[in-house]
Structures are given as C-alpha cells and as structure tokens.
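*Asks:* Sequence:
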Amino acid sequence: MKEEFVEEYIITNQTMAVFPNYHPVYMSKILEKEQTVYCHQTPNEIMDASCIRHGSSFSGRRSAMEKMLHTNTKLPIPVDPTNGIYLFPTCSHKNSACIWIAFFHVEQFKELKETKGTSITFSNGSKVKITMSDFSMKRQMQLTGMAIAKLYKPYTDIR
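Taking my numbering, the leading residue of the sequence shown gets 1, the next gets one more, and so forth.
You may find that some hints are simply not true.
Unchecked claim - Cut-off 25 Å, straight-line C-alpha distance, at most; resulting in silico cross-link-like pairs (BS3-like, lysine-lysine):
1. Lys138 with Lys127
2. Lys67 with Lys2
3. Lys110 with Lys33
4. Lys94 with Lys74
5. Lys127 with Lys113
6. Lys94 with Lys138
7. Lys138 with Lys110
8. Lys150 with Lys127
9. Lys153 with Lys2
10. Lys2 with Lys113
11. Lys113 with Lys129
12. Lys138 with Lys153
13. Lys29 with Lys153
14. Lys127 with Lys67
15. Lys74 with Lys2
16. Lys153 with Lys74
Said to hold, decoys possible - Simulated restraints on C-beta separations:
17. Glu7 with Gln142: 30 to 38 Å
18. Leu112 with Ser63: 33 to 41 Å
19. His23 with Lys153: 22 to 30 Å
20. Cys91 with Ser63: 15 to 23 Å
21. Glu34 with Ser119: 28 to 36 Å
22. Asn83 with Glu107: 25 to 33 Å
23. Phe135 with Glu66: 20 to 28 Å
24. Asn124 with Thr71: 16 to 24 Å
25. Lys129 with Lys153: 18 to 26 Å
26. Pro154 with Val25: 41 to 49 Å
27. Val25 with Lys129: 35 to 43 Å
28. Met141 with Glu66: 16 to 24 Å
29. Glu3 with Tyr152: 32 to 40 Å
No lab work stands behind these hints, which were simulated from the structure alone.
For every residue, glycine included, the Cβ atom is placed at its ideal position computed from N, Cα and C.
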C-alpha cells in the first residue's frame with residue numbers, strides 16, 4: 001500500500017480510520033482505501049479541522065450528538081453528514097490512544113477472544129486489530145446508526 005506524508009489532513013470518503021501514531025513528527029496514521037497517510041496533526045486536530053471544513057466545530061457536532069443520543073460518552077461524530085462521513089471513537093476522545101473509525105467503511109468485525117480485542121475488516125478488505133471489546137464495538141456501531149437515523153429523519157416527523 002502506498003504511503004504519503006502530510007502536514008494537514010481533512011477526512012474524506014476515502015478515510016477508513018484515524019489512528020494515533022507515536023512518532024515525534026507524524027502524530028497520526030490515517031488508513032485510506034488506497035493508501036496510508038501520516039500527518040503532523042493529532043487525531044483530534046484532524047477531527048476538528050475536518051468538522052470545521054464541513055460547517056461546524058468538533059465540539060459543536062459533539063454537543064449536538066450528546067443532545068440527540070442522550071449520552072455523553074464515546075459519541076459518534078458526523079464529520080460530513082451530507083456525504084455520509086461518520087466516525088466513532090474506540091474510547092474517550094480525550095484518551096491519547098483513541099482511534100476514530102469510519103462507520104460506512106466497516107464491512108465486518110469479530111471478537112478476538114485470546115486478546116480481548118476486535119478485528120475489523122474494512123471496505124477495501126484490509127483488517128486491523130484494536131483493543132476494544134466486541135460489546136463496545138457493537139455499541140459504537142449501533143450508536144452511530146442511531147445518529148444517522150436521527151439526522152436523516154424527515155423534519156415533518158419531528159413535530
């Protein structure tokens with residue numbers, strides 16, 4: 001897979017996941033469908049810049065999700081809802097080990113009993129292992145699905 005090194009990054013429909021990268025210069029590792037990108041920005045900086053690019057800040061989108069989903073932990077973020085770009089965190093966004101997963105790129109996932117983690121298969125067939133329980137992964141997928149449903153619900157139904 002091709003590699004690219006950049007100073008700034010905006011999440012697109014090619015972005016499958018944003019990982020922290022423990023390197024002094026390249027703070028993030030981004031998995032795209034066709035390449036891996038290393039970026040100077042942290043995952044949270046990438047999330048905020050990407051949200052701003054699409055009309056709101058990370059904190060604004062997070063606040064909206066908190067109100068819509070009636071929870072305040074591990075909230076999915078509609079980075080670009082018009083184009084179906086939703087990412088969910090593997091743990092608290094305040095945790096430096098937080099990975100952001102693109103909902104529509106998850107083809108399947110399965111529990112890894114021996115490591116108490118989860119294996120994710122992405123839309124391009126690539127697989128990653130993460131330290132997140134199968135239960136938490138299911139919850140994050142369900143929560144993100146709920147967010148999508150609420151955002152796409154016709155306004156006439158809200159009255």
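*Asks:* Hint by hint, note whether the structure agrees.
*Replies:* Do the hints match the structure? See the list:
As the CA atoms of Lys138 and Lys127 are separated by approximately 17 Å, the hinted pair is consistent with the 25 Å bound. This hinted pair does not check out: Lys67 and Lys2 have alpha carbons roughly 40 Å apart, beyond 25 Å. As the CA atoms of Lys110 and Lys33 are separated by approximately 20 Å, the hinted pair is consistent with the 25 Å bound. Proposed proximity of Lys94 and Lys74 is supported: the alpha carbons are some 10 Å apart, at most 25 Å.
Using a Cα cut-off of 25 Å, the hinted pair Lys127 and Lys113 holds, with the two alpha carbons roughly 16 Å apart. For the hint pairing Lys94 with Lys138, the CA-to-CA distance comes to about 21 Å; that is within 25 Å, so the pair holds. Distance check on the hinted pair: Lys138 and Lys110 sit about 10 Å apart at the alpha-carbon level, within 25 Å; holds. As the CA atoms of Lys150 and Lys127 are separated by approximately 30 Å, the hinted pair breaks the 25 Å bound.
At most 25 Å may separate the alpha-carbon atoms for a hinted pair to count; Lys153 and Lys2 exceed this at roughly 39 Å. Distance restraint check for Lys2 and Lys113: the Cα-Cα separation of roughly 32 Å exceeds the 25 Å cut-off, and the hinted pair is therefore not satisfied. Restraint check: the Cα-Cα separation between Lys113 and Lys129 comes to about 12 Å, which is no more than 25 Å; the hinted pair holds. A distance of roughly 22 Å separates the Cα atoms of Lys138 and Lys153; the hinted pair therefore holds under the 25 Å criterion.
Our distance criterion of 25 Å between C-alpha atoms is broken by Lys29 and Lys153, whose separation comes to about 34 Å. The straight-line distance between the Cα atoms of Lys127 and Lys67 is roughly 33 Å, outside the 25 Å bound, and the hint therefore fails. Distance check on the hinted pair: Lys74 and Lys2 sit about 31 Å apart at the alpha-carbon level, beyond 25 Å; violated. A hinted pair counts as satisfied when its Cα atoms are at most 25 Å apart, and Lys153 with Lys74 qualifies at roughly 22 Å.
Between Glu7 and Gln142, the C-beta spacing of about 36 Å keeps the proposed range 30 to 38 Å intact. Distance hint for Leu112 and Ser63: a CB-CB separation of about 34 Å, consistent with the stated range 33 to 41 Å. Checked against the given bound of 22 to 30 Å, the beta carbons of His23 and Lys153, roughly 42 Å apart, lie outside it. For Cys91 paired with Ser63, a C-beta distance near 20 Å keeps the hint of 15 to 23 Å intact.
Separated by about 21 Å at the C-beta atoms, Glu34 and Ser119 break the suggested range of 28 to 36 Å. Between Asn83 and Glu107, the C-beta spacing of about 19 Å breaks the proposed range 25 to 33 Å. The beta-carbon spacing between Phe135 and Glu66, approximately 22 Å, falls within the hinted interval of 20 to 28 Å. Remark: the range hint 16 to 24 Å for Asn124 to Thr71 is contradicted by a beta-carbon distance near 31 Å.
The hinted range of 18 to 26 Å is not satisfied by Lys129 and Lys153, whose Cβ atoms lie roughly 35 Å apart. For Pro154 and Val25, the Cβ-Cβ distance of about 47 Å falls inside the hinted range of 41 to 49 Å, so the restraint holds. Distance hint for Val25 and Lys129: a CB-CB separation of about 25 Å, inconsistent with the stated range 35 to 43 Å. Restraint check, Met141 to Glu66: a C-beta distance of roughly 19 Å satisfies the suggested window 16 to 24 Å.
Take Glu3 and Tyr152: their Cβ atoms lie about 36 Å apart, and the range 32 to 40 Å holds.
When the structure is compared with the earlier hints, violations turn up for hints 2, 8, 9, 10, 13, 14, 15, 19, 21, 22, 24, 25, 27 and for no others.
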